[in-house]
Amino acid sequence: MSEQLQIDLEGRVDFAPGDPVSVAVAWETPTPPQWIELTLAWRTRGRGTTDSAVAFRHQWEAAQGLDAAGAQLIDLVMPPGPLTYSGRLVAVQWAFHLNADGADAPATYPIRLGAIDTQSDE
Amino acid sequence: MVLNRLSSVKILGQIPDDDGWWWPVPATRRVETSDLNLASRERAGGEALAGHTIEIVTRGRVSQVGCGLVLLVPAVVAGAAAAGVIKNPGSNLPPWVAPAVAGGLGLWALYFFLGLLAPTLRVLADRESFDPASPNTLAWSFSRPPRGVRRLRVRLAGQERATYSRGTDTTTETHAFYKEVLFDSRDQPGAITASGVFGFQLPPGVMHSFRSENNEIRWTLEIKAWMTLVPDVRHNLVLTVWPGDDPRGYFAAPVDDLQGAMA
Chain A
1 MSEQLQIDLE GRVDFAPGDP VSVAVAWETP TPPQWIELTL AWRTRGRGTT
51 DSAVAFRHQW EAAQGLDAAG AQLIDLVMPP GPLTYSGRLV AVQWAFHLNA
101 DGADAPATYP IRLGAIDTQS DE
Chain B
1 MVLNRLSSVK ILGQIPDDDG WWWPVPATRR VETSDLNLAS RERAGGEALA
51 GHTIEIVTRG RVSQVGCGLV LLVPAVVAGA AAAGVIKNPG SNLPPWVAPA
101 VAGGLGLWAL YFFLGLLAPT LRVLADRESF DPASPNTLAW SFSRPPRGVR
151 RLRVRLAGQE RATYSRGTDT TTETHAFYKE VLFDSRDQPG AITASGVFGF
201 QLPPGVMHSF RSENNEIRWT LEIKAWMTLV PDVRHNLVLT VWPGDDPRGY
251 FAAPVDDLQG AMA
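Here the protein sequences come in this chain order: A and B. Under my numbering, the first sequence is numbered contiguously, ending at residue 122. Under my numbering, the second sequence is numbered contiguously, ending at residue 263.
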């Protein structure tokens, strides 16, 4: 868990495809970072080998005047899928990730996309 | 507008053919005029299947090449056996063994060969993806009167598929999380007609079709026709299940618009 990076969605974790979202990011690093990157990605969990993909990526760079501490707000629209799912062998999980040059660790903010029921056996 | 805003997502990584693209290739194909006419007739006077897709053909389990091969095997065995018996009269085998083996193989081959005579079964869909919570319609059509069909069953199945490697072995585990019989002629005596229509609806909230490199949610239409005297006809068709419009529509913005969205 990062002490220097933070993602703020006002506590919201449930989203529907197409929802507009304002993501606030903040950082406080020992030196001004060369870059800060926010991604929204899904990955699979469960019995199979993990698959993952990035649905959204935005990078702020030093040329934009990054200080050692600061905050940014970015608007995006949630992608259509794949929807969050938790099954017996396969699960699909979504999360925002924030990383920065020189930060102690990435920050992660798990979310749920869509409203798929957890499947039960017949 | 939502779709325009989503265009910024596309240019940043999640587009068809990207590594992370997760939308399965639909099993259905674009409809042709002749298909629409056929589908219209098959709906027994109802409205034509008005959508854009149609498809799904089942055949017997063996191809013509397969039949040729299995017919060849007993012929070769019989020939070799006969030659052996002639050249080696002192063999311990009773003289009836070679013809019996060849005859058994021949009957087995003939059984599969008759599978070619089984009617083909077409299942017609009026859409490319199926929306849970919305009524869906499928039509079926045998290529000729299904006299030898004892029973016809169409079953919908949802399955998780997870692939992993251990050493040099690759294993795929499966788990069926949904099964529903959509149509079974056993429940409806006299229901096996040359063509027909049936409706079905998936419960809302089920997981949609999904496919990545090692993980998959697969929806399948399992069709089986039990035949008299010939091999059964069976075919599994992979369906695309998605709540709402095809998600590829989210990415339909022209490239110029995408660049504008990025500016």
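Possibly wrong hints are sitting among the right ones.
Short derived list, chain A residues pointing at chain B, Cβ under 10 Å [as the list claims (entries may be wrong)]:
#, residue
1, Val13
2, Asp14
3, Arg47
4, Ala69
5, Pro80
6, Ala115
These are calculated hints, taken from the structure and not from any lab test. Note that beta-carbon positions come from the ideal geometry of N, C-alpha and C, so glycine has one too.
Cross-check of the supplied hints:
no.	hint	verdict
1	Val13	violated (18 Å)
2	Asp14	violated (14 Å)
3	Arg47	holds (4 Å)
4	Ala69	violated (26 Å)
5	Pro80	holds (4 Å)
6	Ala115	holds (7 Å)
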